[in-house]
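Put together the whole structure using the sequences plus the hints.
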Amino acid sequence: DTGVSQNPRHKITKRGQNVTFRCDPISEHNRLYWYRQTLGQGPEFLTYFQNEAQLEKSRLLSDRFSAERPKGSFSTLEIQRTEQGDSAMYLCASSLVIGSYNEQFFGPGTRLTVL
Amino acid sequence: AQTVTQSQPEMSVQEAETVTLSCTYDTSESDYYLFWYKQPPSRQMILVIRQEAYKQQNATENRFSVNFQKAAKSFSLKISDSQLGDAAMYFCAYRRFSGTYKYIFGTGTRLKVLA
Numbered sequence: 001d002t003g004v005s006q007n008p009r010h011k012i013t014k015r016g017q018n019v020t021f022r023c024d025p026i027s028e029h030n031r032l033y034w035y036r037q038t039l040g041q042g043p044e045f046l047t048y049f050q051n052e053a054q055l056e057k058s059r060l061l062s063d064r065f066s067a068e069r070p071k072g073s074f075s076t077l078e079i080q081r082t083e084q085g086d087s088a089m090y091l092c093a094s095s096l097v098i099g100s101y102n103e104q105f106f107g108p109g110t111r112l113t114v115l
Numbered sequence: 001a002q003t004v005t006q007s008q009p010e011m012s013v014q015e016a017e018t019v020t021l022s023c024t025y026d027t028s029e030s031d032y033y034l035f036w037y038k039q040p041p042s043r044q045m046i047l048v049i050r051q052e053a054y055k056q057q058n059a060t061e062n063r064f065s066v067n068f069q070k071a072a073k074s075f076s077l078k079i080s081d082s083q084l085g086d087a088a089m090y091f092c093a094y095r096r097f098s099g100t101y102k103y104i105f106g107t108g109t110r111l112k113v114l115a
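Protein sequences, first through last, are from chains A and B. Mapping to the working numbering: the first sequence position 110 is 110, numbers consecutive. Mapping to the working numbering: the second sequence position 7 is 7, numbers consecutive.
FYI, nobody ran anything at the bench for these hints, they're computed from the structure. A couple of the hints might just be wrong.
Restricting the straight-line Cα-Cα distance to at most 30 Å, the calculated cross-link-like pairs of lysine-lysine (DSSO-like) are [as the list claims (entries may be wrong)]: (1) A:Lys57 with B:Lys73; (2) A:Lys11 with A:Lys57; (3) B:Lys112 with A:Lys11.
Structure follows, in structure tokens:
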């Protein structure tokens, strides 16, 4: 197992276009998180899944954003009608919840640039 | 709501010297976890060290140690015998003891190691 992977690593798009990112978590990890990191800021929570169920969404996740995790494996994050303010690094993390402690393992991120 | 503050945007340290990165947080909860994550340039975040709030003993991992002051809500990271490979962004993060397990990150401190 090589860890959390994300594709693509970089995406450049024009304003108004739709984009989709993919995250492949570590095998057997039952929780998957999406964070957004803008320049000069720390990552901010967007949403998370427990297996295939999306259990929480941040207010940062506008109606243009949608995330799925079919069959509790990989996850996709789609942004519709992109805006320049969506330009950021999108990070995925996964964890195996056992008891109260579970370490989140992060992927390398997808850097989105909206022109 | 919980918040995490890192007041040092950038720090420099000479190779082999010791440096301390500061972090303060705000929470009304008594049980929680605190973390330091390292984010090298263009690479994924990795966990450096974690501290359980119910443990009075400060966590230590090789050259990395923390000074956890629960009453003061302070959580600093000390890096001893700094190495060139320590150069990175360092993020302090808070996580509730139970619930979503989402992380709340500070804005980060960029550490430069001078040869």
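Cross-check of the supplied hints:
1. For the hint pairing A:Lys57 with B:Lys73, the CA-to-CA distance comes to about 27 Å; that is within 30 Å, so the pair holds.
2. Proximity of A:Lys11 to A:Lys57 is assessed by CA-CA distance (about 23 Å); at most 30 Å being required, the pair is judged to hold.
3. Distance restraint check for B:Lys112 and A:Lys11: the Cα-Cα separation of roughly 29 Å lies within the 30 Å cut-off, and the hinted pair is therefore satisfied.
Consistency note: the structure conflicts with none of the earlier hints.
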